[in-house]
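Going down the list, the protein sequences come from chains A and Z. Going by the working numbering, the first residue of the first sequence is number 1, and it counts up by one from there. Going by the working numbering, the first residue of the second sequence is number 1, and it counts up by one from there.
Some hints could be false.
[As the list claims (entries may be wrong)] Only pairs whose alpha carbons sit at most 30 Å apart, straight line, appear in this in silico DSS-like list of lysine-lysine: (1) LYS34(A) <-> LYS422(Z); (2) LYS50(A) <-> LYS152(A); (3) LYS24(A) <-> LYS405(Z); (4) LYS69(A) <-> LYS405(Z); (5) LYS604(Z) <-> LYS271(Z); (6) LYS34(A) <-> LYS604(Z); (7) LYS411(Z) <-> LYS34(A); (8) LYS34(A) <-> LYS465(Z); (9) LYS546(Z) <-> LYS416(Z); (10) LYS157(A) <-> LYS34(A); (11) LYS34(A) <-> LYS405(Z); (12) LYS271(Z) <-> LYS69(A); (13) LYS646(Z) <-> LYS411(Z); (14) LYS69(A) <-> LYS465(Z); (15) LYS138(Z) <-> LYS159(Z); (16) LYS69(A) <-> LYS422(Z); (17) LYS271(Z) <-> LYS50(A).
Hint data in this document are derived by calculation from the structure and do not stem from the laboratory.
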Amino acid sequence: MDMTVLLKRVPDLVEDLEVDDSGKALDEDSVSLKLNEFDDHALEEALLLKEGGGGTVTVIALDGEDVDKMLYTALAKGADRALKVMGGDPDGGNQALAGIFVAALDGHGGDLILTGVQAADDRDGQLAPRVGALLGRPCIEVVTEVNPGDGKVTVHKELAGGVVAEYEVDLPAVLGIQAARQTPRYAPVSRVRQIQESATIDTVTSAATEGAGFTVVAMTPPETGEGAQMLDGVDELVKVLDAKGVI
Amino acid sequence: MLSSAERVAFILLVLVCSALAFKGFARMVKIVRRGRAAQRSDNLICRFAEAFIDIALQRPIFKARPVASFFHALIFFGFSFYVLVNVNDLLEAFVDGWSTIGGGPIASLFNLASDLLSMAVLVGMVFFLIRRFVVKPKVLTFNPSVKLHPAVAAGGLRKDSLIVGIFILMHVGSRWLGTALHLAENGHSDPWLPTASAASHLFAGLSPAALDTGVHVCWWLAMGLIVLFLPYFPRSKHLHLMVAPVNLALDRRSPRGLMDAVSDVASPGAKTLTDLPWPQLLDSYACIMCNRCQEACPAHTSGTPLSPAALEINKRYTLTDHAAELASGASAPNLLDAATSVDAVWSCTTCYACVRVCPVGNEPMMDLLNIRRDLMMDGAAPDELAEVLRSLDEKGNSFGDSPRKRARWSKPLDFKIKNANKEPCEFLWYVGDFASYNPDCQEVSRTVARILTAAGIDFGILYEKERSAGNDVRRTGEEGLFESLAEQNAAALEACEFERIFTTDPHTFNALKNEYGPYGERYQSIEHYSTLLLELLENGSLKVGKRLGGRATYHDPCYLGRYNGGFDAPRRVIEACGVELLEMPRNRENSFCCGAGGGRIWMKDHDDMTERPSENRIREALELGAIDSFVVACPKDLTMYRDAVKTSGNEGKIVVKDIADFVAEAMELG
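Kindly produce the complete structure, drawing on both the sequences and the hints.
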């Protein structure tokens, strides 16, 4: 089974993120980018599928700072090919991003396209379904396990309350991965360095074929509340409620 | 003395047994040579001379267990002298009329020595047999989850010990008895043979023929047995008497804190037995299986599946099992199948106690580090460790926090610490991860900053350019990440102008002092802040007006003490503050690790852990009686022991402090 994993970098939340002067975007100086952890799980699931039943794994990401290291790391983990997309605007939201990826793949997404179900900077979970829609392929989201079959895959989709649904999906298909079957593997730095010397990253140029579909009007940090008041027992609670005129 | 037939029989026995023994030893040499290259052949004469002196003084063994070591010394000196005794006995057997009994002064002194030393060996051996088979000390047993070679699990060590013990008793006992019979035969006592003379009276009633037969039987039991034992040597722990001196002579001469360089980038560690450097194969043959390393090991003491002793013993039994194939080049068994378990490998705190205490110069810890390098190359790190390594790679610290926040600890200070990247400073302070990011340690970092400022020291830090020095990263086996961190740190340091460099972190201290050589020479001069504080106290820059009083004990951090010999400065700093210092039983070279080293602080406790090493240590401190403070000189120790005081339910009984806390108090800094 030939698989493609869409990788995306998101702002690292350990930084104190600040909104820039325009009030519509993060201050670039406050941001450091890292691989979206859901995408890391998508890559892990693809590598597990490859190890279990053969096939190839291609990773693809938009160009940007430190993207090469991210792609080499994916190769060091066991991906077969890395593809870097030049010319795409990463800030256009998932509608634009899906268009860029689909154009870059130019119909070569393989049997299965996997990506993270969501990312720290969108949370709309639209990348996988939009890629599926553009390619006319079935898509399942919030996937926690993928098992290969003949011309199809069986996937576990997580529902609310810990309920898991099992789906059979005809290939080719697109999956939004919630979690891989195991913790994403570690790529030792020596191996990444070796890969850096021996492997190459292919590049492809692709511009957005779809508009973003939205514009950012304003961005603000969350407001800090007054803080909680700890109460000692019911009597105090009654007093507080009484004082507020609730009872 | 011997008849012609006996002489022929003896010579035949020697020929057959020597040939068999030679085959065993030749295989051993071939197997050891299959290990990876290691530089140990410099100054051979000097090496062997030093080892000879050490062994003659029994120095390596007296590092621990003084009582057992005393009885070992009895056997050692007796056995050493028995080389002469054996030569004499051969002469007696083959040269008609040769006898030392009734001879001149040299012969008489020889007799006295052989008589008394025979007793010494017998007493020593009886001690060890009683110890192993009657007293059965716990130190000779392994934790239940320790991986053991099937023959070891089936009691192989007891069997081997019994065979060796009986051999020694028979060999020396028969020789001594033979002398007593000889004296009885001649009908006189010899003042130069006091114990044999005393025993000879027991045989006074025997006929001359019976006595003569007895003398012959004893000679054969003494001398025939040693020849019969020769082929067993290569299979037995008793081999230590030949291999241990070689192993001690060919010991590591590089700094303890410098890990071996990677010799093969594609396969940096050890997967199979023969992937180990050859001295580590030799280790297994030198091993006397005394379990001293295991007794000193914080991982085994806390109940985990790691036993450095079992590792060496398993290696030895496996090499013996496969000696013929391995000697002829067959591929060797995997270390994780034959020698130890994955859980054991990750349990090691790299505290070096096992290597330090070993009386025969073994380095079981190095095997574990080699296995870690191999596992790491396959990406097979425990999940929680992998997570930390990833953040060390991406962010340069083990906390997964932003590098931009590295110097945030300094914000509450009412002065700004110099940015060494931007302006020259006399002292560059390498703060380290824990002292930068852990809230408790940050408090100590601020204290150090206040002390230095009060002393008028011109110092700066690297702010966001500092990354973890990588000491423990290297010890998890992640060689590439260590190199990457070291390169980044060296680049940052190269761009700074400073005269001296110091650190508050023993792990950083070790890395820069011993392992940053390839990145520049000046890092070797890094100082630990204990040394700097002492210097400032002694030259009067730090004025400690108040004598604090109180009683404290001090915990030696592994990477300052055992690794780098930094024992005195922290103690003298504590005492300079007017605090009475009490030593825990395990101190200095014999200090007991807190359990955090080698990346352990980033991993989960093993399920089998019965008591954390840090809790064990707090217990040891509390057993000293009335002490107020448990003093550390390492940020990791501060967090480990503050936690341990809480988790062991000893809150309020003892306060964990940094040496800097005392200095600040004694200086009466607000």
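Verification of the supplied hints:
In summary, the hint linking LYS34(A) to LYS422(Z) is supported, as the alpha carbons are separated by about 28 Å, within the 30 Å threshold. Restraint check: the Cα-Cα separation between LYS50(A) and LYS152(A) comes to about 15 Å, which is no more than 30 Å; the hinted pair holds. The hinted pair formed by LYS24(A) and LYS405(Z) meets the criterion: a straight-line CA distance of about 25 Å does not exceed 30 Å. Among the hinted pairs, LYS69(A) with LYS405(Z) is consistent with the structure: their alpha-carbon atoms are about 23 Å apart, no more than 30 Å.
Taking the CA atoms of LYS604(Z) and LYS271(Z), the gap is about 24 Å. The hint holds against a cut of 30 Å. Pair hint LYS34(A) plus LYS604(Z) holds up; C-alpha atoms about 25 Å apart against a cutoff of 30 Å. Pair hint LYS411(Z) plus LYS34(A) holds up; C-alpha atoms about 27 Å apart against a cutoff of 30 Å. Taken as a hint, the LYS34(A) and LYS465(Z) pair is honoured in the structure, with Cα atoms around 19 Å apart against an allowance of 30 Å.
Our distance criterion of 30 Å between C-alpha atoms is met by LYS546(Z) and LYS416(Z), whose separation comes to about 27 Å. Distance check on the hinted pair: LYS157(A) and LYS34(A) sit about 26 Å apart at the alpha-carbon level, within 30 Å; holds. With a C-alpha separation of about 17 Å, the suggested pairing of LYS34(A) with LYS405(Z) holds against the 30 Å cut-off. With a C-alpha separation of about 28 Å, the suggested pair LYS271(Z) and LYS69(A) falls inside the 30 Å cut-off, and the hint holds.
Between LYS646(Z) and LYS411(Z) the alpha-carbon distance is near 29 Å, which keeps this suggested pair within the 30 Å criterion. This hinted pair checks out: LYS69(A) and LYS465(Z) have alpha carbons roughly 20 Å apart, not beyond 30 Å. Our distance criterion of 30 Å between C-alpha atoms is met by LYS138(Z) and LYS159(Z), whose separation comes to about 18 Å. For the proposed pair LYS69(A) and LYS422(Z), the alpha carbon gap of about 29 Å is at most 30 Å, so the pair holds.
At most 30 Å may separate the alpha-carbon atoms for a hinted pair to count; LYS271(Z) and LYS50(A) meet this at roughly 25 Å.
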